[in-house]
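Enquirer: One-letter residues, chain by chain:
Number of protein chains: 2
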Amino acid sequence: MEIRLAKSYGFCFGVKRAIKIAEESPNSVTFGPLIHNKNEIDRLKEKYNVELVEEIDEIQENSRVVIRTHGIPKEKLALLKEKNVEVIDATCPFVTKPQEIVSKMSEEGYSIVIFGDINHPEIKGVMSYATDPIVVLSVEELEGKPLKEKVATVAQTTRKFEEYQKIVNYLMEHKKEVRVFNTICNATFENQDAARELSREADIMIIIGGKNSSNTKQLFKICKENCPDSYLVENAKELEKEWFEGKKVCGITAGASTPNWIIEEVIENIKKIQV
Amino acid sequence: MEIRLAKSYGFCFGVKRAIKIAEESPNSVTFGPLIHNKNEIDRLKEKYNVELVEEIDEIQENSRVVIRTHGIPKEKLALLKEKNVEVIDATCPFVTKPQEIVSKMSEEGYSIVIFGDINHPEIKGVMSYATDPIVVLSVEELEGKPLKEKVATVAQTTRKFEEYQKIVNYLMEHKKEVRVFNTICNATFENQDAARELSREADIMIIIGGKNSSNTKQLFKICKENCPDSYLVENAKELEKEWFEGKKVCGITAGASTPNWIIEEVIENIKKIQV
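Going line by line, the protein sequences match chains C and H. Just so we're aligned: 172 in our numbering is position 172 of the first sequence, and the numbers increase by one with no gaps anywhere. Adding 1000 to a residue's 1-based position in the second sequence gives its number in our numbering.
Hints are supplied without guarantee of correctness; some may be wrong.
Pairwise CB distance ranges (calculated) [what the hints assert, rightly or not]: (1) H:Glu1143 / C:Glu141: 32 to 40 Å; (2) H:Glu1100 / C:Lys45: 53 to 61 Å; (3) C:Tyr48 / H:Pro1146: 43 to 51 Å; (4) C:Arg17 / H:Lys1074: 23 to 31 Å; (5) H:Glu1143 / C:Asn186: 14 to 22 Å; (6) H:Val1087 / C:Glu75: 49 to 57 Å; (7) H:Glu1225 / C:Pro146: 31 to 39 Å.
Only part of the chain C face toward chain H is listed, based on derived beta-carbon distances under 8 Å [stated by the list, open to error]: (8) Tyr48; (9) Leu52; (10) Val168; (11) Asn169; (12) Met172; (13) Lys175; (14) Glu177; (15) Arg179; (16) Val180.
Don't read these hints as lab results, they were simulated from the structure. This structure is a prediction, so every number in the text was calculated from the model and none was measured. Every residue, glycine too, gets a C-beta built ideally from N, C-alpha and C.
Use the sequences and the hints to build the structure in full.
Expert: And the structure:
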């Protein structure tokens, strides 16, 4: 069986940057998971004593707090700043951007439409900077929502562009002014395009990434469309021998929060399975 | 043969308003045709001595000059104002709007994309208020054009919405911020929707309007898609008896610049043809 890597996969700019910031801030805590990858979080804990805390109350005075790549809600940031802690911001600049945009557009009197998942930490953060934002994942969810004639819209960085276009098309049909900010991240596109291409050639696809990672799940969905035998694994342990029986080309891709060492482990294990 | 009128047809708000302004300004001149309907222009000349002039040089001092519904270029307006004439503005407010928008957006540093026909007087007017506007009728024309990352876009009032969406979709794919102003006029939509509906029921469609009228030509195109025997006529004289042979349902619609008295004449003549 041949193993082929997607032309683009794995860590994006924002994740690489956040890990570097965390590595340079040993003995700190991250408020919420720094990135959506448990294995990497464990590594940062072991090697740099960067610990994960989920609640503000757990954070002790005088500690150093790293803000996760997805950002956090404005109110939480304010609470942190009230505490006597050092705040180290590892929010991806591509996430800070929509936060700033919705804040400015709210001030300028625009209704805010956020295309994204209301339960995703990135969106919880972005929402907190807007006045009465409408958060939707589809045109259906948008229908009948109270909006002014002036609407500004941003998208979750990891969303599909074509879906965002549908939202914009609906808005421009119904509103006088629609201010469209394309906040979808190119890194996501590149990994997705490469996954699409590879999944057309492969008869088995292994997608490596966190099961709660939005962009990894997107990759999985795209691969599944072209290659029914697509599997999402968090690490090498989850591989199952029978998946590979009779397969000729195994394609590999990884989500934007998946570290290289995990990808390498998975590849090594697939090679062993072949024997 | 049954004669059916479209649910919405003929004069739009801006045209009705311009005619009223012209009627209230007897012994004036219009700089360029007030509306795209020769018959109505002739009527205004005969009844109110409102004369059409095509060149600024032809306009005499102390005359009253009515600005056409489509508006005129900024430079021409400045020349008029330099002359000792009274300027009476009959520009449709829905055309003044995109003029104001592109002016403001140019000041704010946006690249301006105008979706419309560069040869249409409305667009010539709107263009003149923008700094280095890009005027296109299709995505193909837009490709490779030099644009900043911040783009503002307006559409000719009489364009098809679906075509405008294509322009916006292209822009949002390539630019960070796209400020979409939906300047397409509802009156155009309403006449078009009604024409589409009626042309599905009719076996002959008569579209009444100026042959140089953009929105009349659009109506003709829409009708032709559903009813191959569609005919564009400027007035009753252009009707031909053989068109109606063996037809059961004759649908009638009219462009936004077509006066009611012409529509009535056409209907009367069709009734006579039947006998």
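Enquirer: Does each hint fit the structure? Answer for all of them.
Expert: Hint check results:
{"no.": "1", "hint": "H:Glu1143 / C:Glu141: 32 to 40 Å", "in the structure": "33 Å, holds"}
{"no.": "2", "hint": "H:Glu1100 / C:Lys45: 53 to 61 Å", "in the structure": "58 Å, holds"}
{"no.": "3", "hint": "C:Tyr48 / H:Pro1146: 43 to 51 Å", "in the structure": "47 Å, holds"}
{"no.": "4", "hint": "C:Arg17 / H:Lys1074: 23 to 31 Å", "in the structure": "48 Å, violated"}
{"no.": "5", "hint": "H:Glu1143 / C:Asn186: 14 to 22 Å", "in the structure": "19 Å, holds"}
{"no.": "6", "hint": "H:Val1087 / C:Glu75: 49 to 57 Å", "in the structure": "56 Å, holds"}
{"no.": "7", "hint": "H:Glu1225 / C:Pro146: 31 to 39 Å", "in the structure": "37 Å, holds"}
{"no.": "8", "hint": "Tyr48", "in the structure": "35 Å, violated"}
{"no.": "9", "hint": "Leu52", "in the structure": "33 Å, violated"}
{"no.": "10", "hint": "Val168", "in the structure": "6 Å, holds"}
{"no.": "11", "hint": "Asn169", "in the structure": "5 Å, holds"}
{"no.": "12", "hint": "Met172", "in the structure": "5 Å, holds"}
{"no.": "13", "hint": "Lys175", "in the structure": "7 Å, holds"}
{"no.": "14", "hint": "Glu177", "in the structure": "5 Å, holds"}
{"no.": "15", "hint": "Arg179", "in the structure": "5 Å, holds"}
{"no.": "16", "hint": "Val180", "in the structure": "4 Å, holds"}
The structure is inconsistent with the numbered hints 4, 8 and 9, although it conforms to all the rest.
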